[in-house]
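Q: Kindly produce the complete structure, drawing on both the sequences and the hints.
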Amino acid sequence: MGELILGILFLILSIIIFLQAGNLPESSYEPLGPSGFPQIIVIVMGILSIFLIIKKLKNIDLSQARLNFKDIFIKYKLIFITLTNFAGYIFLMRLIGFRASTFIFVFLTQLLLGPRDEKKYLIIGSIALFISLGSYYFFQNYLGVIFPTGIFFE
Amino acid sequence: MIDMFILGIEQILQFNLLFNMFLGVLAGIIAGAIPGFTITMAIILTLPFTFAMSPTVGIATMLGVFVGGLSGGLITAALLGIPGTPSAVATTFDAFPMVKNGQPGRALGIGIWASFFGSLISMVLLITLAPQVANLAMKIGPWEYFSLIMFALTIIASITGDSVIKGLLAGLLGLLIATVGLDPLSGSARFTFGIDFLEAGVPFLTVLIGIFAVSRLLSELENKEEVKQGEELVSGKIKFEIFTSLKEVLSQPVNLIRSSLLGALIGAIPGAGASIANILAYDQAKKGSKHPENFGTGIPDGIIASEAGNNSTAGGGLIPMIALGIPGSAVSAVMLAALQIHGINPGPMLIINNPEIVGTIFVGFFIATIFMLLIQFWGARLFLKITNIPKYILVPTVMSLCVIGSYLLNNRFSDLYILFVMGVIGYFLKKYNFSLAPVILGVILGPIAETNLRRAMMTSSDWTLFFTRPISLGFLILGLLSIMYSIWQNFSVKKKSKIS
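As given, the protein sequences belong to chains A and Y, one line each in that order. First residue of the first sequence: 1, per our numbering; consecutive thereafter. First residue of the second sequence: 1001, per our numbering; consecutive thereafter.
Don't read these hints as lab results, they were simulated from the structure. All C-beta atoms in this analysis are idealised placements derived from N, C-alpha and C, irrespective of residue type, glycine included. Hints are not guaranteed to be accurate.
Below, in silico cross-link-like pairs of lysine to aspartate or glutamate (EDC-like), each with a Cα-Cα straight-line distance of 20 Å or less [unchecked claim]:
1. A:K120 x Y:D1196
2. Y:K1431 x A:E3
3. Y:K1494 x A:E3
4. A:K75 x Y:E1226
5. A:K70 x Y:E1222
6. A:K77 x Y:E1226
7. Y:K1431 x Y:E1222
8. A:K120 x Y:E1225
9. A:K75 x Y:E1241
10. A:K77 x Y:E1241
11. Y:K1100 x Y:E1241
12. Y:K1430 x A:E30
According to the in silico footprint, chain A covers these stretches of chain Y (three or more CB under 8 Å from chain A) [stated by the list, open to error]:
13. 1107-1120
14. 1173-1182
15. 1217-1227
16. 1391-1397
17. 1400-1411
18. 1445-1459
A: This is how it looks when you write it as C-alpha cells:
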C-alpha cells in the first residue's frame, strides 16, 4: 500500500514539475534552456511511476487495506515523538538559541524514548548538557561558527 | 608519479594531520561497530568537523573514517553475529561460529589482518590505475561525460535495492532535487514555489544528512524494545595472537589476493560497493576452495575472503572518483562532496591541478590502514562497550549532531527546514525499500549531467551526436544493458523462489 501511495506521489510530482517547467523563460542562445533537463527527468519519472502503480495495483487487495490512524500512531509512537521534538527543536532554536534548544531536545527526547527510571535523569541530563554546551564551545572556538544565542543570552 | 608521492608524504607528515587522521580512523571503527550505523553516516557526520581544516587535513581525516569504518563492522559481525554495516554480512558466516567455538581473538585477529592486506592491495591498484583512467578521461567531450553519468546512474539505480523501477525513481528524485534553485546557466529561479530560501538551492550536504542519517535514526526507533537497551555484550576476555593470525592470513595468498582484487574491482564499478563485495568474495572463496563444505562452520578462509573483499573496495571506489569525478558509491559521493566543499573539483584534471591532494589520498590511505591495524588490536575490546549504549541515548544525540552539521555549512536556519523534510522523505523511501544511494548520487551528479548536456547542445544542437560518437554510445549501451540485466536477474530470482 505504501509503495502504491509513493508511486502516486511520484506521478503527481512529475506532473507538477512538468507544468512548472513549462512556465520557465526560454533561452535564445541555447536550445534546452532551464526547463529542458527537468522536463526530461520528470517524463521518465512519470512513466516509471505509472509502471510502479500498475505493478502494485495488480498485487493489492483493497478489501484488506484499511487506514487506522490510532494503530499507526501506536506502532510508530517513538518516531512521531522524535519528529515532533525535532521540529520543535528547529523552531525553538531561532527563539531561545542553540544551547537551550539543544539541551531541551536531547534531554526531552531521551526521556520520552527511554525506560521510566528515576536513576537515569542524571545520566541523560549530563549527556544533554555535554552535547549542548560542548558542541557550542567546540564549534565556536575551533571552527569560528556563530550559533544563534537566543533571547536568554543576548 | 613519484613527485606526487613525495608531495603526499610531505603533506602527511604533519602532527596535526596525523592526529586528526588517527581520530578519524577511531571514529570510523566505532561507528562501524554500532549496528545500524553505516560508514556513509559516519563520514557525513565527520564532514562538518573538517570545514575549518585545510583540504589535505580534511580529506585525510575523512579517509581515516572510511578505512576505519570498513573494518569496524568486523567487531560486531564476529562477536555478536550482527553485521555493524552491510559490508560485513559475509563476515558473520564464519567469524561468528569461530567466536562461538571459543576463539574470539583468533576471529578478530584474522579479520583485522585480512582488512589490512585488502586495503593495501586495493591501494596499489588505485595508484596504478587512477592516473591512466584520468588520462583517458581527458580526451572525452560533454557528450561522453553526460552519457557516462547516465551510465553511472543507471547502474547504481539498478544494482541497489530490490526493484529496478524504484532504484531509478530514487535516482531521478535526486536529479530533480538538484534542479531546485537558480539555474546554473541562465540564472532563472526554478521550482522554488514562492519560497525565498529555496532560491539558494538545496545544499547537497543537507540532503545527504537528511536522507541518510536522519532517516536511518528514525528507522532505528521502529522496534520499541530495542530502543530501551543496547546490544548484548560478549563477556569474558579476548586474547589476541597477533603473529599467529598474521601467519594464518598469509598462508592463504590466493584467497587473499583474489578477494582483494575482486573487492577493488567491484568498488570501482559505480553502484557496487562493499556490501556486494564481501558476499561475492566469500562466494568465490567457497567455490574455489578444496573444502567448501567447511564454510560457515568457523574457518579462517571465509573471514579472510569477506574482510579482504570489503576493505579493498575503498581503494577501488576512489579510482572513478579521483580520475573521473564520478562517485562509485554513496561513501565516495560524500568524499567527492567533501572535496568540493574545500574548493577542489575532482575529475581528470585533479591529478594535474592538485597533485598534493591526490598524493595525500594515496599516502594517507596507507597510513590510515596502519592506524586501523593498531587501533583495532589495541581497542577492539573497548569498542564493544560503545555498542552497548542504548538507542534512546544515541538517537537524540546523533540527531543534534545532524542539526549542527547542516547548520555549519552556510549558517542558515532555512537549511534546517530542508534537513527536516529530507529526513522524512528519506524515512519513507527507506521504509518502502527504495534504496537511498541513488538519491544522493542524483543530487551530486545532477548539476554535472545538466551542465554537460546543455553544453553539448550549445556546441551543436544535433542530439544524435550522443548516439553517433562511439564512446558516448558505448556508455549509453552499457547503461541500457545494466538495466536489462537487473530486470532479467529480478525475474530469474522470482522464478527460482516460485519453483522452490
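Q: Check each numbered hint against the structure and report the violated ones by number, ascending.
A: Of the numbered hints, 1, 9, 10, 12, 13 do not hold.
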